[in-house]
Every structure is written in C-alpha cells, then in structure tokens.
Amino acid sequence: MNEIQLDNRGLHPPEPMIRILEALDNMNGPGKLTAIMERQPRFLFPELETRGLRYTCEPNGEGYLLTVERDA
Amino acid sequence: MISSGESVSDPAGSGGLLAVSLAFFLCGCIALIVHGASLLTLHAFAAFTVMAVVGASNQLVPVLTGARPAPARNVIVLSAPLVLGFIFLLGGFAGFHGLFSIAAPLLFVGVTAWSIWTINRIRTAPLEAQTRAAVVTATVAFIAAATLGAIMALALDGRLPAALLLLAPAHASLVIIAFASTFVFAVSYRFVPMFSLAHTTEGRWTRSAQWTIAVAGVVGALIFLSAWYMRAAAVIALVSVIAAVVVHVQTLKKRMRKKIDVSLRYASAAWVFAFLAACCTLLATWHPDKAPAAVAFAILGWLSLSILGYSYKVVGFLAWEYARRKHPTAKLPALGNAVPERASNISLGLLIAGTVGAALSMAIAPQALRAAAAIYAVGGFGAVAVLTQLGWRYVGLKA
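If you read the sequences in order, they're chains U and F.
Here this note's numbering is used: the first residue of the first sequence is 1, the next is one more, and so on.
Here this note's numbering is used: the first residue of the second sequence is 1001, the next is one more, and so on.
Here are the computed lysine-lysine pairs in the DSSO-like style, where the Cα-Cα straight-line distance is at most 30 Å:
1) U/Lys32 <-> F/Lys1259
2) U/Lys32 <-> F/Lys1254
3) F/Lys1326 <-> F/Lys1398
4) U/Lys32 <-> F/Lys1331
5) U/Lys32 <-> F/Lys1258
6) F/Lys1331 <-> F/Lys1259
7) F/Lys1326 <-> U/Lys32
8) F/Lys1398 <-> F/Lys1331
9) F/Lys1331 <-> F/Lys1258
Think of the hints as simulated: they come from the structure by calculation, not from any bench.
All of these numbers come straight from a predicted model, not from anything done at the bench.
Make a model of the complete structure from these sequences and hints.
This is the structure we're talking about:
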C-alpha cells in the first residue's frame, strides 16, 4: 500500500491542489495520501469526489490536514 | 467529508449575491434592447459587475488570504444598501429623478461600509500579500468611484451643480479600470491555473499587470485635467492586458487538464475584448464619438464575459459545496462535467457576436444597435439559464 505525505505549507494556490492531484495520479494501486497545508483546499474536494476518492480535511494547528484514501 | 465549524465559509451569502448580480445582468440585457446605449443600461451592467465582485470576494478573500470567513447573514446585511442603492439608481435613470437622492447616500454608505469591512478582514490575514494589496487597491478605488458617483447622482437630481456631471469619465475610469479590472486581473492570476489545473507561473514580474492596470485606472481618472491622461491610461492598460495574457498563456501550456473548460473559454474571449477596449479607448481620446464603443467592449465584453465565465465555476462550486454540507454522505453529480457544453458555447458565441455588433453599431451604424443588443440578450439569458440549471442541480437535491 502506497503512503504519501506532502507538506504544502508556504505554497500559493493552486500549487497544493496540483501537487496532491499529481501525487494521486502517480499512485499505483491502493494507497493513502496525507497533506498539511495552510488553506482549506476547497476547490480540491469536488476533484477528489470526481475521482471516486475518500477524504477528510480537518483543522490542524494553524492549518489543515487532508487525508485521501484510494482503494485501487 | 469536509470538516465543519467556523473555519468553513457559508456559501449561502455569496451565492445569494451572485443571484442578485445575475438579475442585474438580465436587467442590463433588456435595457440594452429597450433603451440602447443609455446610462440606465450602463448602470444595470455596473450593478451586475459590482454585486458579482462583492459576492465573489466574500468567498475568495478567506480562501486565498486565510482571512476569517464571514457568516452569510453579515454578507447579506452589508450588501443590502448596495442592492437597494442600485435599484434606486436605476429607477432614477428610468425617469424617477427623485430616486437619485436616495440612491446617492445608500450607495456611498454601502460601498464605504463594505470596503472598510473588507479591508479590515484582510488587513491581518496571514497569506497572499500581493492579492490582499490588490484587493485593498481595488477597494480604495471603489470608494473614490462611489464618492464621485454619489456627487453626480445628487447633481442629476438638481441638488448639486450640473457641471459636476463632467466627472463622469473619471468615475468610469475608477469603476471599470481601477476597481473592477484590478480585481479581475488579481483573481485571474489564481483562477487560470486553478481551473486548468496548472502550476502557477511565478516570477518577479508575473503579477505586475495587476498593478499597472490599477495605475491606468487612476491616471485615467485625471482626464478632467487633460485628455493626455486618458491617452496614457489607455496605453498602460493595453500593455497590462498584453502582459497578463502572456502570463496566462504560459500557465495554460503547463496545464494538467487537456481541455480548456467553459470558464476559461469565456475568459479567453474576455481578454480579447479587454485588448479591444484599451485600443478603442486610445482611439476615443482623438475621436470622442468612439468612446461608446470602448465602453461596450469593456462592459459587455471584458467584464461581463469574465464574470459570467468565472461564474460557471464559482456557481457550480458554491452549489456543490452547499449540497455537500446539506447531504454529507450523499453521492453528488460530478462537478467536472456538470456544465452543459453546447448551451454554454452557443451563449458564448451569441455574447461575442452581440458585443462586437453593439460596439461596431455604436461606432459606425447606430441603427444596428437594437439587433446587436437582441443577440447579446439572447446569449445573456442563455448563459444565466445554464448557470441557474447548474446551481439548481445541486441546491435542489433531495436527501
């Protein structure tokens, strides 16, 4: 199972979203991606749902922690 | 699942304001047919632009800058004087001149209150210094434009000297260029890569166009001193448009999403009209009879197409977010292909044809204006119908 961790702090939009989508697109098979970022990646959520991915996004300190799970 | 709590913006306030702005847009389309190139028509489109910027910024400011999101109730209460002010202003231009004296204080107070509130929100926000500075610049220009507008509204009602109406070109320069265009330039820098899924083009000069366009608006506002100020403003605006387009083209070359989506198709057409508007403004400094064509390119083409184009994404997204909050576990229709391609493309074609037709008829063949206006209006109603259908697809979802 793939595990990817991204630190997207300090990046301007839409770089965090692009980095997350690129990482997910390059993920072979099931896996889990976690990313920390300063902003809530609101435009990313419909993109994740379109790809059929499960996700949570919670406040984490002064930023947000996104977790995306991919079954296959 | 999306987290809940105070850190999440409520899309209802901004969504409501966007609906109001689209209603003003439809009023503008009808006024263009009925009244032609009149102040009533112009200010209906101005109301559309202002309410769209106000509505959109309430969502964008927190998303981009990390500012604290505002409750929907605050957004609606703060925007109410603006909406009422524009309704009274349009009533004044429709012939009920006494309404100018009500519109003037309402709009001035509304603009000032919203501007102070917005500046105060982003003053201490932690992120995006350049975007925050651009929004503050646009907002200050907005207050200046509203001040001139309020003075002229009182002059139209006979409460101030009629000579003050000579401030109209300065007012237009501040509203169209320094306020609305600066805002569109600033958000486009984030929207183009966001909508095309592209890495942002970051460089020392890549955001300079948002500053030069603001300068153009301020320089143009000095036209009452000499026509040379507007000439200089048009040249600066022209260079700004070219610089912004170069950055956007570089960004689009790096996009993940192969297809240019509907928002960016509208935006591409809008940038062409921005170029034409700047060229026409320059020409109008020698041939003032071409000024209406410049305004047509700027309002019907540049600003309206930018706002309508970005609205496809923003309305869809706000409606999707509303549905997601209302039905946290439901499977929602995919947002990526929610916009009907054919209908939005036909609307775009009609809006482009209508804008070109309106500008040309204002410049050389006034008798053709009504036909061009009708084409534009059909395109406008089509675009609003698509946006309404798009929004309702999510907002109207049953559990």
